[in-house]
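4 protein chains.
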Amino acid sequence: MSGSSFGNYFRITTWGESHGPAIGVVVDGCPAGLSLSPEEIQSYLDRRKPGQSRYSTPRKEEDHVEILSGIFEGKTTGTPISMMVPNTSQRSRDYAEIASYYRPGHSDMVYDQKYGFRDYRGGGRSSGRETIGRVAAGAIAVKLLDQFGIQFLTYTKSIGPVEASPSRFDRSQIFDNPLHMPDSEAAREAALYLDTLIKKGDSCGGIIECVVRNLCPGIGDPVFEKLDANLGKAILSIGAVKGVEIGDGFAAAKSTGSANNDPYTRSADGDIVKLSNHSGGILGGISDGSDLILRAAVKPTPSIAMQQDTVTKDGQGIQVRIQGRHDPVIVPRAVVVVEAMAAITILDLLLASIPSRLDNLKRYFRSIRDNS
Amino acid sequence: MSGSSFGNYFRITTWGESHGPAIGVVVDGCPAGLSLSPEEIQSYLDRRKPGQSRYSTPRKEEDHVEILSGIFEGKTTGTPISMMVPNTSQRSRDYAEIASYYRPGHSDMVYDQKYGFRDYRGGGRSSGRETIGRVAAGAIAVKLLDQFGIQFLTYTKSIGPVEASPSRFDRSQIFDNPLHMPDSEAAREAALYLDTLIKKGDSCGGIIECVVRNLCPGIGDPVFEKLDANLGKAILSIGAVKGVEIGDGFAAAKSTGSANNDPYTRSADGDIVKLSNHSGGILGGISDGSDLILRAAVKPTPSIAMQQDTVTKDGQGIQVRIQGRHDPVIVPRAVVVVEAMAAITILDLLLASIPSRLDNLKRYFRSIRDNS
Amino acid sequence: MSGSSFGNYFRITTWGESHGPAIGVVVDGCPAGLSLSPEEIQSYLDRRKPGQSRYSTPRKEEDHVEILSGIFEGKTTGTPISMMVPNTSQRSRDYAEIASYYRPGHSDMVYDQKYGFRDYRGGGRSSGRETIGRVAAGAIAVKLLDQFGIQFLTYTKSIGPVEASPSRFDRSQIFDNPLHMPDSEAAREAALYLDTLIKKGDSCGGIIECVVRNLCPGIGDPVFEKLDANLGKAILSIGAVKGVEIGDGFAAAKSTGSANNDPYTRSADGDIVKLSNHSGGILGGISDGSDLILRAAVKPTPSIAMQQDTVTKDGQGIQVRIQGRHDPVIVPRAVVVVEAMAAITILDLLLASIPSRLDNLKRYFRSIRDNS
Amino acid sequence: MSGSSFGNYFRITTWGESHGPAIGVVVDGCPAGLSLSPEEIQSYLDRRKPGQSRYSTPRKEEDHVEILSGIFEGKTTGTPISMMVPNTSQRSRDYAEIASYYRPGHSDMVYDQKYGFRDYRGGGRSSGRETIGRVAAGAIAVKLLDQFGIQFLTYTKSIGPVEASPSRFDRSQIFDNPLHMPDSEAAREAALYLDTLIKKGDSCGGIIECVVRNLCPGIGDPVFEKLDANLGKAILSIGAVKGVEIGDGFAAAKSTGSANNDPYTRSADGDIVKLSNHSGGILGGISDGSDLILRAAVKPTPSIAMQQDTVTKDGQGIQVRIQGRHDPVIVPRAVVVVEAMAAITILDLLLASIPSRLDNLKRYFRSIRDNS
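Protein chains in written order, with full-length UniProt numbering: chain A, 1 to 372; chain B, 1 to 372; chain C, 1 to 372; chain D, 1 to 372.
Read the hints as simulated data drawn from the structure, not as lab findings.
Mixed in with the good hints, there may be bad ones.
List time: in silico SDA-like cross-link candidates among lysine to any residue, alpha-carbon distance up to 20 Å [to be verified]:
id, chain 1, residue 1, chain 2, residue 2
1, A, Lys49, A, Pro21
2, B, Lys49, B, Ala22
3, A, Lys75, A, Ser37
4, C, Lys143, C, Leu34
5, C, Lys362, A, Ser367
6, A, Lys200, A, Lys313
7, D, Lys200, D, Pro161
8, A, Lys362, C, Gln151
9, D, Lys200, C, Glu189
10, D, Lys143, B, Asn360
11, C, Lys199, C, Asp327
12, C, Lys313, D, Pro263
13, C, Lys200, C, Glu189
14, C, Lys143, A, Ser255
15, D, Lys313, C, Ile272
16, A, Lys313, B, Ala22
17, A, Lys49, A, His64
18, A, Lys200, B, Ala259
19, D, Lys313, C, Cys216
20, C, Lys313, D, Leu275
21, B, Lys200, A, Ser258
22, D, Lys143, D, Pro263
23, D, Lys313, A, Asp370
24, B, Lys200, A, Ser255
25, A, Lys200, B, Lys49
26, C, Lys313, C, Ala99
27, A, Lys199, A, Met306
28, C, Lys75, B, Pro21
29, C, Lys313, D, Ala268
30, D, Lys49, D, Ile67
For clarity, every value in this text was computed on a predicted model and none was experimentally measured.
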């Protein structure tokens, strides 16, 4: 099965394992005429770089991106943009041992079952490094959407039991603390919590929240290609994500219609607006013009130094401690991955939404004919 | 955008509005040779029928399914199976009034924004009746998967704040109480809760849980076509679903690696098995041989008799009470829709997983050549 | 495999066999706001109706189309348009005998090999009636393209060895003679040729030519989604078509660069135009603004009354004469099918071409935001 | 539009321009467990290498392929295989001049119309170098199909007016003469013809024939995903191909049913076989077990040294002679490209055909369960 592509109109195809020569992505369907430099990609990619604090793996991954095609004289040409990041800092010796047994919480065993064998070095295709291609592509999607005024704010909502408080929400904090929490107090508390886990050789999970502002209404389709359905697939396709919700999400399941419905009113400047946003910006699968709000539940890093029971490939019971340099929590580094996937999805559906009205189409083609 | 198809190998295409002449589905990619009768489809479809208790709309929808193609002498031929349900009991007069204003919590306004106008009768394409096609197709998927030993158990996990208790789990209850809860005590409590809502003209949401047993390991792909990612899209494509989670889901975000990892052991009969199932049957996007567990959060029915603030199409503020025959909670009727979408997704990925190993493929083609 | 859908943006899904209750199509992705009546579909569909002359089967197929969804108050709503034609005049008894043996030139044997058995009544899914869905959908595509000024002219280029002469090309003839040849002299000659074949119980093939005028330049993509590649697939997906060519086609293979290249010049009104059109309106897979010209080679009707050698399902040699009411040549009735498939393909790629330039996209979204 | 991918199950995505840093392909969906070395890819790729005779461009293109992912310990892992060929020998200065005008027979003008500007160096994405990715991927497809016994023979059928004679068909000649014609006499005659064209600064086209032997029956789908329809798209997606035909192709349009139908008989070893093969191995869109035969019509190389009329980008009439090192005929180098695309298409549909019969599927899954 060819499962390495995502999107129909703005389509990305990622390739590469953590321990092969390189890892990369092909972005197909990017409109021509967008000015784009390797530095812009690099700068976005650096947001997932490890080693920036004691709360992420001390592995040094330079992750230097090269653009191999699709750009001419500083602008996209409308043809595929191929981007590659050489794998420079991977130490295969760390992984030699794990070839023989199945790490709990990892996909080791299912690979053997699915493919008959596996590339056991660093998780192979299931490595977190696979997200490099997504983030490089996301940099383009975010830049393109910005041309239409659409903007993203993504951050750590919670780490283990420690949650950022909406009442202390401080946007400037997001890039100020290494945990990317929009609440300095919660960030400090979460850091202390992580310290205790690191000491025990344990890890934890957390929640990432993504807010999309100034999204045009009308994006998404009423049935299978709902905006929320596609976002759900995009976010759940990120390794370690175990749940996704839109707006009030699971809390809506405990609510009532009278509380959960967002009443409409007329704004000062004459627009019809919602008085609340329980829907999280999506109604009937279609963007409603309010802020889009989504959350992803990320499970704890499965690679822990604490002793665990498991079996060898031959089924013999053993006890293991996973060695190596692992993140005690992957949430802070996954923030930009969630944003990238949300941006790619929204851009794809935005392009898909164009042919929905004949009047707009006619206007479009008339102006094209006049111009050429 | 053509958003009315789902699946690649086993692909369904639904069509129809609640108030058009009929509603239906085309199932493409069903293998030849499955015995299939209209009665089997009808019987599965009857599980979403309203009017079976005071907790669902008293509208009488007969929903009689006709098979128009793809069956010859009682067996599927490998060609598209077209199924149609005439819309017999729709009263357009109930909906004439709502043409003029936007119902809170509904997609009325986004339709106008996306398409320039809308079919205002009964929600048009966003009607719950759209799920008829999904369920009819799901009946085939469930039957096909049963040929490979894969089985489904789907039920109401919670209604508003009332949750079925795992300790009182009683499978026989699922089809015994009208709320489809596997816990008679919770079902009684939920019924009382619904009574109070009905009196107030309010509604509530709830959670549906689906368990898939005996699923082969190896289903799903490591990157974008993860099993959980596709299930996420499938479930979030059902109207009113606002969140989806796999295994421990959002609870995993608050857990630790040592608690959340499922240790492996060897079973009595020599298989490698997990000692727990926090993963919900999926690791790295691929089925791991344990029970697959997913949950969907369903928002409260937006059509309520209580007074709400809203605006007319022209932006004038008004107060409305939604008239008509509406479900106070859609969860019990949506149980079979969640199951149908899960089954369609799993079947699609099961078929997609076949070419993953050369050794299996060679064996397959050798046996085909020998047979023909 | 789910092979009954065509197109990505304007997608059609056909279903039905010649001897089931009905045959139909779901059109997904049609923009909202197109006025559309069943009469318009019917009128286009009538162009493939048999029984209009002695050169097509005397079977009476009324082919009355019903629209089941996607239209509200005479306009498309942007949701799937489901169309159905009941199978009223099929006589299964004609086909009972052929269940036991394999008709030469038909797909009887390959069905048995692929599916394990077959619906032997009238060719099942390989029946010419399958094209009803294509033509009904094509009626919509033709009407939509007409909104953008794009127009089709499709006719019989040759019947057996008798070819319409370009020097006698007379557009008015196309709908005037039952063979749809744009040359009355060739039409008379072809009719005489068909008379001799009918007497012998034989059949013949022919060539269909489709010309598309006023097509915008820029439609199609440079690599796999070339306009000609997609047209090639569309046309070869019509049963009995064995070859397709664009512009000079196979003749170009015998030509030289100096003769085959189309020189550019500036037209009186300042446009850059080609002085000739060997390319047939496509360069590098992209429409070049000239007339698009394509030809389809149609094989002779395989059902003939002449005696043929074949085998029974068990491999026993027999001699057969195919009974029943068969077209001595299917070309005249296939003209509208070729046009329908060309129109569907061009519309699909036209919609796909919209996001190719950022400047156009920005202009588009700016005007949408201003409008809403 | 994302038009750089081909195939659904075995999917290739090509990227790169002739004058960027590199050109490449990602192959997704290759089964795990195929032994594969860079040397095998290189060896197949060398078949399209220029400079091997005076009848191809004297440009020296080393085209050294690197495998960047998807292989572990000499075997495919089931994950994407990324292959890259650095562009080493491209001289941009040859192309600087052509930025200002539109070359006849090239896609220069349509790029400007579609994208607003173009990468004018060497044709950019429309360069013949784009086929490098196709051929590298084709090497894998050919090797995989060989595992199932399916084999390819592809050669030059004609060059300009000079055609290889079936009566002198000599398979060994195909790799012996630089024109890859299976007829030494025709090859000599074609060489003389090319000599006269080279002297005049002209070019010519030709026909490529591909024969696929030992193809299983049952490959392809009855409606839109016909085997011939997909082959048509694949072959017409190769630059310069203007026509494609299957079996007797355009000649069938001049034939009669009695001559064109292939009668069945029982072979000595009890199989049902066709006595002739006018169908070219495909009936009703499905492989019929005979040799598959397809032909591609290739237009003359548009880059010629002879003087041609054209216009500058501003529409000013000029006369040009295309300088640079161009093939007088591209047919010999395109032979392997046609084969590669045919192999990719057939492999894709072969994998797609697996779920067509429930009995085979059940047998397959039973054996998987027993094995694991």
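Structure-based check of each hint:
1. Proximity of A:Lys49 to A:Pro21 is assessed by CA-CA distance (about 19 Å); at most 20 Å being required, the pair is judged to hold.
2. For the hint pairing B:Lys49 with B:Ala22, the CA-to-CA distance comes to about 16 Å; that is within 20 Å, so the pair holds.
3. At most 20 Å may separate the alpha-carbon atoms for a hinted pair to count; A:Lys75 and A:Ser37 meet this at roughly 8 Å.
4. Only pairs whose Cα atoms come within 20 Å are accepted, and C:Lys143 paired with C:Leu34 is accepted, the gap being roughly 9 Å.
5. Only pairs whose Cα atoms come within 20 Å are accepted, and C:Lys362 paired with A:Ser367 is accepted, the gap being roughly 12 Å.
6. A hinted pair counts as satisfied when its Cα atoms are at most 20 Å apart, and A:Lys200 with A:Lys313 does not qualify at roughly 27 Å.
7. A hinted pair counts as satisfied when its Cα atoms are at most 20 Å apart, and D:Lys200 with D:Pro161 qualifies at roughly 17 Å.
8. Between A:Lys362 and C:Gln151 the alpha-carbon distance is near 16 Å, which keeps this suggested pair within the 20 Å criterion.
9. For the proposed pair D:Lys200 and C:Glu189, the alpha carbon gap of about 43 Å is over 20 Å, so the pair is violated.
10. For the hint pairing D:Lys143 with B:Asn360, the CA-to-CA distance comes to about 17 Å; that is within 20 Å, so the pair holds.
11. For a cut-off of 20 Å, the pair hint linking C:Lys199 to C:Asp327 stands: about 13 Å separates their Cα positions.
12. For the given pair, C:Lys313 sits about 14 Å from D:Pro263 by alpha-carbon distance, which is consistent with the 20 Å threshold.
13. Pair hint C:Lys200 plus C:Glu189 holds up; C-alpha atoms about 17 Å apart against a cutoff of 20 Å.
14. Restraint check: the Cα-Cα separation between C:Lys143 and A:Ser255 comes to about 48 Å, which exceeds 20 Å; the hinted pair is violated.
15. For the proposed pair D:Lys313 and C:Ile272, the alpha carbon gap of about 9 Å is at most 20 Å, so the pair holds.
16. Using a Cα cut-off of 20 Å, the hinted pair A:Lys313 and B:Ala22 is violated, with the two alpha carbons roughly 55 Å apart.
17. Restraint check: the Cα-Cα separation between A:Lys49 and A:His64 comes to about 10 Å, which is no more than 20 Å; the hinted pair holds.
18. For a cut-off of 20 Å, the pair hint linking A:Lys200 to B:Ala259 stands: about 13 Å separates their Cα positions.
19. With a CA separation close to 18 Å, the supplied pair D:Lys313 and C:Cys216 stays within the 20 Å bound.
20. With a C-alpha separation of about 16 Å, the suggested pair C:Lys313 and D:Leu275 falls inside the 20 Å cut-off, and the hint holds.
21. For the hint pairing B:Lys200 with A:Ser258, the CA-to-CA distance comes to about 10 Å; that is within 20 Å, so the pair holds.
22. Pair hint D:Lys143 plus D:Pro263 does not hold up; C-alpha atoms about 33 Å apart against a cutoff of 20 Å.
23. For a cut-off of 20 Å, the pair hint linking D:Lys313 to A:Asp370 stands: about 18 Å separates their Cα positions.
24. Restraint check for B:Lys200 and A:Ser255: the C-alpha separation of about 14 Å stays at or below 20 Å, so the hint holds.
25. With a C-alpha separation of about 54 Å, the suggested pair A:Lys200 and B:Lys49 falls outside the 20 Å cut-off, and the hint is violated.
26. Of the pairs offered as hints, the one joining C:Lys313 and C:Ala99 holds, with about 8 Å between alpha carbons and a cut-off of 20 Å not exceeded.
27. This hinted pair checks out: A:Lys199 and A:Met306 have alpha carbons roughly 10 Å apart, not beyond 20 Å.
28. For a cut-off of 20 Å, the pair hint linking C:Lys75 to B:Pro21 stands: about 16 Å separates their Cα positions.
29. In summary, the hint linking C:Lys313 to D:Ala268 is supported, as the alpha carbons are separated by about 16 Å, within the 20 Å threshold.
30. For the hint linking D:Lys49 to D:Ile67, the alpha-carbon distance of about 19 Å falls within 20 Å, and the restraint holds.
Hint violations for this structure: numbers 6, 9, 14, 16, 22 and 25, all remaining hints satisfied.
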